[in-house]
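*Asks:* From these two lone chains plus the hints, build me the complex, please.
Protein chains in written order, with the numbering used here: chain A, 1 to 257; chain B, 1 to 286.
Treat the hints with care, as some may be off.
To be clear about the criterion: a stretch of chain A counts as covered by chain B if any three or more of its residues have a C-beta under 8 angstroms from a C-beta of chain B, and this derived list gives those stretches [as the list claims (entries may be wrong)]: (1) 41 to 47; (2) 133 to 146; (3) 174 to 185.
Computed Cβ-Cβ distance ranges for the label pairs, DEER-style [as the list claims (entries may be wrong)]: (4) A:Tyr198 with B:Asp247: 36 to 42 angstroms; (5) B:Glu278 with A:Trp191: 52 to 58 angstroms; (6) A:Val121 with B:Gly265: 39 to 45 angstroms; (7) A:Leu89 with B:Gly265: 49 to 55 angstroms; (8) B:Gly25 with A:Leu29: 38 to 44 angstroms; (9) B:Gly265 with A:Leu93: 27 to 33 angstroms; (10) A:Leu93 with B:Thr108: 30 to 36 angstroms.
No lab work stands behind these hints: they were computed from the structure.
We put the beta carbon where it would ideally sit given N, CA and C, even for glycine.
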Amino acid sequence: MVAGKFRSVTSYRASFTFEVLGNLGSTVLDVLTVFVLFRAATVVGGFTLAEAVLMTGLAVAGFVLCDAVVGNIDDLKKYVRSGTLDTILLRPLGVLPQLVFLDLPIRKVLRVAFGLTVYGVALRANHLDWTPPRVLLAVLAPLGGAVFFGAIFVLSASVAFWWVDSGELGNGFTYGGRDFTAYPVSVYGGWFRDLFAYALGFAFVSYQPALALLGRGDPLGLPAWAGFAAPLVCLPATLVAALVWRSGVRHYRSTGS
Amino acid sequence: MDGTGARVLTISPGQPFRGSVTTFGALVWSGFRRYATYRQATIAGSCTNIVFGFLRCYVLLAVAAGAAGGRPGGYDSAQLATFVWVGQGLLTVTGIWGWTELADRIRTGDVASDLLRPVPLVSAYLAVDLGRAGHAMLTRFLPPIVAGAIAFPLAVPHRWQTVPLFVISVVLAVVGSFGCRFLVNASAYWLHDARGPLMLWTLGSAVLAGLYFPLRLLPDWAAVTLWVATPLPGLLQTPLDVLVERDPPGRQFALVLLQAVWAAGLLALARLVQRRAERKLVVQGG
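Bound-form chain B, shown alone (with noise of 0.2 angstroms):
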């Protein structure tokens, strides 16, 4: 070469592990560079999320004022607080809205040329997500919470294992969140225009993932049912009870390991509709 042609990182034929998880990590950084460009809109999203997290967090406090004993749905209100405060900066790092890249690219045909790519599908997508993922950890993750602590009390964990464990369950919680948004995306190999499930998807995602409110000011019957027969409390909620401690440490680790569960199922079954999809697949357009 000249000198001018492009890098391509080549795949060590002897070694496919290694190759295969360059490869992955190098998807994983294009993903972070990506979202690192819209620096304004990074400002300007934070200070939506300030916004609704004084809105939340001063409806919460005044339902645990009014509520018998102080603490609605077993929080006290510094757990609220929290809950609100690391829940709206949270909400970017998940991602669960606004993501249909995938359909659109299966509508206008060019998902044709990522089958072409010698890395899965599903694989690609989610290197490119977790590196969005890593980047609003960065960038949206702090600003809310910063905002928060300064305006209100915030609930601080006492357990040592409570940290890494809501780290794992926020990894988790962007793996899960990336597997629903792939199938509801997916469903476009069907119906060719997926915005009738993305706008279910948008509708659903954000209550029953306990943004509008935590979950467990629901009657116990539908909570459980929640947690156990969908993925969606594992996208939000999971990883905020885990870092407010509001359950006994038993139950903590529990909710992380379902949540796990939930994650490599989504991921499971987002590689078998893919195949499914390949098999059936006509490239729309010329």
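Pulled out of the complex, with its shape left as it was, chain A reads as follows (with noise of 0.2 angstroms):
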């Protein structure tokens, strides 16, 4: 299925190479963004544009990184509205591999090799005293990252099971979560702070631990050791993606098309 896939990808080459370009360019525009917010104020939420770009290279490597493997999965509600899903629940396979591979993520590898770009760059621009604990914290908060993206996005694909036009709904909390977690946690605020940072998690994607890499103080008040225990926040985010997406599959009957 993957071979085939890829003879598909590479015969369209003009396509290819502009989807390649494309998807490079959103991801070095939310980049420059984070630039151009910063040539107006020195310091944003509290931090500089040395520790915010760390924050920043956290969210988008973690993101670029889950994006690569489970981003087509927002297709989804096209194949519960279209019934192409019907096809794939009746090969002997499982149904999220299935989806994953029905559309190989070639195109993305460049810009997943900028996201992890940004990020190095990060981590050396803010001199950081390595310890043991952050070198393992600085490889593993990306794949933290990554896995807890994953269950976001797996969730925010799920609604189509039941709610085939909930159309961009999903983008809200997959893109929308990867912009809230591009900026220090601190400049947002009220109610839209807690729901976003702590009852969905994301300030364990990128805030957190990049507070623990660079020593610092948390202004919102959580102890220093929830930067260090924060990718352990993919795991129950995981087990309710995975409970919500197999009752999903259960519950999903075909538009009978």
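*Replies:* What follows is the structure, given as structure tokens:
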């Protein structure tokens, strides 16, 4: 299946090149936006540009890793609407792996490289005081972030099982989550911060690990170990996503077309 | 007729102008009704607009709090909040994203049936798009603004001319956006597969129209170049700047004028491209 997909993708070279560049471009623009905002202010939410870029780097690295693997699941609502999901359910393979490989993410390779580069440069730029726990955290944090984003992608796609016309609703949490994690949580306020940062857990993708790496206290009051424990947040998120996905697949009734 | 036939609008032969206005109006109305059928998607889309509104608003307010003088790009906090929330409301009205209908119809060959109709193709598509924008104005424009007004202090216009100028500017933004999208889609006449240009358009249009951040945060030379040399600020940034009264009255008016020049230019270009395409068009498929 994977080989077949590879051949089909590479046979349209011009489109493929455009897709690679487009994919890369969207992530580059996200990072550039942070730089433009810091042109206007030297400190945003209590953080300098280098510190903020560390958070952006973590968020981007986690997001692109995740998007390269499961980003395609966004199309679930199309499959539910058109009935393509029936063919997928008929095959003797898992539903989730098939959806993932239905669209091979070769076009996303450059973007992953860019995301990891931003993260690497941000780590260098901050002159961190490296200790063994920090090294471990620096490696695990983007992976944890990727798994967490993966859970969010699966969750927001599962909405389509119950509500076919959910349209862009899922984007608010997947791409919204990406944008949320690209900035320090201290810039947000009110119930919006509580909901996204703590109830949904986005604070633990980039903000808390970045604080732990920088050795800074949390202006919002969480203890330092919260940063080191942050990658673990992806475990309950994955569990919830798995449960919702399973009940979604069971709940699925074909459109009948 | 026995009462079962479809009602056909007759174009009065003696009054061609009245006829074409009626046709145009009917097409606008059909565009409106077409989008009115997706009610649930409308609600879901508004929720997403509101989430992004909160995100961008908090980030820009934090920038304002950290900026020297508290006025990044010359906006105060209330102006920034208004910029973000009205921007989220306008996003679907100008509809810069996701229109691939013409490119799809060119690729499949369906565009041939559009060409058989007695209405010029550009006008017909423009009419339907105005109907779409009208529907979005009624359904998608207000929810983000209401949500924003509940959570943040917004700027209220002080000048009498601001609201009428804003309305004109929104219409021009819709026309300008249509012109751009038509041209991007029309590249399919030559390329057959317009996915590449469409992708570049999606990528560039949002950021250069001022969705991610107000363009005034860019260095002056970059902002001026964008305004004069591209139609993109006219798709979102200009109506928003007009509404929040970023500039003195004279420049407020000049911005709308510039937007009008671009909108007219784009429509003329769309017609020219369409005429060229018709001359060389080989319809695909059987």
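*Asks:* Each hint needs a verdict: does it hold in this structure or not?
*Replies:* Comparing the hints with the structure gives:
{"no.": "1", "hint": "41 to 47", "in the structure": "holds (count 5)"}
{"no.": "2", "hint": "133 to 146", "in the structure": "violated (count 0)"}
{"no.": "3", "hint": "174 to 185", "in the structure": "holds (count 4)"}
{"no.": "4", "hint": "A:Tyr198 with B:Asp247: 36 to 42 angstroms", "in the structure": "holds (41 angstroms)"}
{"no.": "5", "hint": "B:Glu278 with A:Trp191: 52 to 58 angstroms", "in the structure": "holds (56 angstroms)"}
{"no.": "6", "hint": "A:Val121 with B:Gly265: 39 to 45 angstroms", "in the structure": "holds (42 angstroms)"}
{"no.": "7", "hint": "A:Leu89 with B:Gly265: 49 to 55 angstroms", "in the structure": "holds (52 angstroms)"}
{"no.": "8", "hint": "B:Gly25 with A:Leu29: 38 to 44 angstroms", "in the structure": "holds (40 angstroms)"}
{"no.": "9", "hint": "B:Gly265 with A:Leu93: 27 to 33 angstroms", "in the structure": "violated (54 angstroms)"}
{"no.": "10", "hint": "A:Leu93 with B:Thr108: 30 to 36 angstroms", "in the structure": "holds (32 angstroms)"}
Consistency with the previously given hints fails for numbers 2 and 9, ordered from lowest to highest.
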